[in-house]
Amino acid sequence: MQRMGIGVQLYTVRDEMEKDVEGTLRKVKALGFDAVEFAGYFNVPAEQMRAWLDEIGLKAFSTHVDLTRLRNDLQGEIAYAKAIGVKYIPCSYIQPEDRQNLDDWKGIVAFLKETAEEVSRHGLQFCYHNHEFEFETKFEDGKSVYETLFETIGENDMKIELDVCWVQYAKEDTIATIEHYAGRIPLLHAKDFKRAEDNSMITLRLGTGEVNLPAVLEAAGKAGVEWLIVEQDYCQIPPFESIEASLNWLKENYQTKVGA
Numbered sequence: 001m002q003r004m005g006i007g008v009q010l011y012t013v014r015d016e017m018e019k020d021v022e023g024t025l026r027k028v029k030a031l032g033f034d035a036v037e038f039a040g041y042f043n044v045p046a047e048q049m050r051a052w053l054d055e056i057g058l059k060a061f062s063t064h065v066d067l068t069r070l071r072n073d074l075q076g077e078i079a080y081a082k083a084i085g086v087k088y089i090p091c092s093y094i095q096p097e098d099r100q101n102l103d104d105w106k107g108i109v110a111f112l113k114e115t116a117e118e119v120s121r122h123g124l125q126f127c128y129h130n131h132e133f134e135f136e137t138k139f140e141d142g143k144s145v146y147e148t149l150f151e152t153i154g155e156n157d158m159k160i161e162l163d164v165c166w167v168q169y170a171k172e173d174t175i176a177t178i179e180h181y182a183g184r185i186p187l188l189h190a191k192d193f194k195r196a197e198d199n200s201m202i203t204l205r206l207g208t209g210e211v212n213l214p215a216v217l218e219a220a221g222k223a224g225v226e227w228l229i230v231e232q233d234y235c236q237i238p239p240f241e242s243i244e245a246s247l248n249w250l251k252e253n254y255q256t257k258v259g260a
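Everything in the sequence shown is counted per this note's numbering, starting at 1 for the first residue and increasing by one.
Check each hint, because a few of them may be wrong.
[Claimed, not checked] Lysine to any residue pairs mimicking SDA-like chemistry, simulated, CA-CA at most 25 Å apart: (1) Lys-19 <-> Pro-239; (2) Lys-87 <-> Glu-226; (3) Lys-59 <-> Pro-238; (4) Lys-87 <-> Pro-238; (5) Lys-143 <-> Tyr-93; (6) Lys-59 <-> Ala-35; (7) Lys-171 <-> Phe-150; (8) Lys-138 <-> Lys-171.
[To be verified] Label pairs and their in silico Cβ distance ranges: (9) Lys-29 <-> Ala-83: 17 to 27 Å; (10) Gly-183 <-> Gln-236: 26 to 36 Å; (11) Phe-42 <-> Glu-241: 16 to 26 Å; (12) His-180 <-> Gly-76: 30 to 40 Å; (13) Glu-136 <-> Asp-54: 35 to 45 Å; (14) Gly-207 <-> Lys-106: 39 to 49 Å.
Since the hints were made in silico from the structure, they are not lab data.
For each residue, glycine too, the CB sits at the ideal point set by N, CA and C.
Can you make the complete structure from the sequences, with help from the hints?
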């Protein structure tokens, strides 16, 4: 079983990034993280961002880019990612207005196929980050959007960034999903949650919710996952405290078991 790296999705501290990008990066490093996944750049030029990362000692291994940004400026996104040393570009989200019907989805699948091939030509790796709707939406043949995406787009061109919270929220078997796509999941969002009374998702720091995280870690290690990524969509305690608590949980429940 290979050792997985640990990073943090900066979306969790997006309000802090909005106010002070450099200060937030320094705080993330001080909490014990050595690697980050971006979710926007807050108008910071790529050269400046790379200089901060190098000075602080943070590795940027991945950057979230939503469908709108991919459509509007793919080449710019590729150039920025390369400039800051990123390897992975996951499609992070598809707005509801862009996925109103199956014809919309067919167009999205075709676009993502072209996008993945273009990203590959530039030496980077395209990925897809799931929510619940890709599992819940079915094509005429009965296959989910999620299945169709990864059957249609070549394994080398598009890998998986698996968000275990959304898989479980969609009432799919998280461990079976990891096992099914083993070898194709370099990135995994380590998250935890509970369901509210209205069935909405309440995201929590690791080890305090419904997800069987020890089983997820074991399956992820066997499946060849490279990066475990701490993310919390909405924090129930201050965000820096939350990601620190999640990192400490991973240190206690993962790092100590595989060796420091």
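Going down the list of hints, with the structure as the test:
1. In summary, the hint linking Lys-19 to Pro-239 is supported, as the alpha carbons are separated by about 14 Å, within the 25 Å threshold.
2. Pair hint Lys-87 plus Glu-226 holds up; C-alpha atoms about 12 Å apart against a cutoff of 25 Å.
3. In summary, the hint linking Lys-59 to Pro-238 is supported, as the alpha carbons are separated by about 24 Å, within the 25 Å threshold.
4. About 30 Å separates the Cα atoms of Lys-87 and Pro-238, which puts this hinted pair outside 25 Å; it is violated.
5. For the proposed pair Lys-143 and Tyr-93, the alpha carbon gap of about 20 Å is at most 25 Å, so the pair holds.
6. The straight-line distance between the Cα atoms of Lys-59 and Ala-35 is roughly 4 Å, inside the 25 Å bound, and the hint therefore holds.
7. In summary, the hint linking Lys-171 to Phe-150 is supported, as the alpha carbons are separated by about 19 Å, within the 25 Å threshold.
8. As the CA atoms of Lys-138 and Lys-171 are separated by approximately 15 Å, the hinted pair is consistent with the 25 Å bound.
9. A beta carbon spacing of about 20 Å between Lys-29 and Ala-83 agrees with the range 17 to 27 Å that was offered as a hint.
10. The hint said 26 to 36 Å for the Cβ distance between Gly-183 and Gln-236, and at roughly 35 Å that hint holds.
11. The hint said 16 to 26 Å for the Cβ distance between Phe-42 and Glu-241, and at roughly 22 Å that hint holds.
12. Taken as a hint, the range 30 to 40 Å holds for the pair His-180 and Gly-76, whose Cβ atoms sit roughly 34 Å apart.
13. For the pair Glu-136 and Asp-54, the supplied restraint of 35 to 45 Å holds, since their beta-carbon distance comes to about 42 Å.
14. At about 40 Å, the beta-carbon gap between Gly-207 and Lys-106 stays in the expected band of 39 to 49 Å.
Comparing the model with each numbered hint stated earlier shows that hint 4 is the single one that does not hold.
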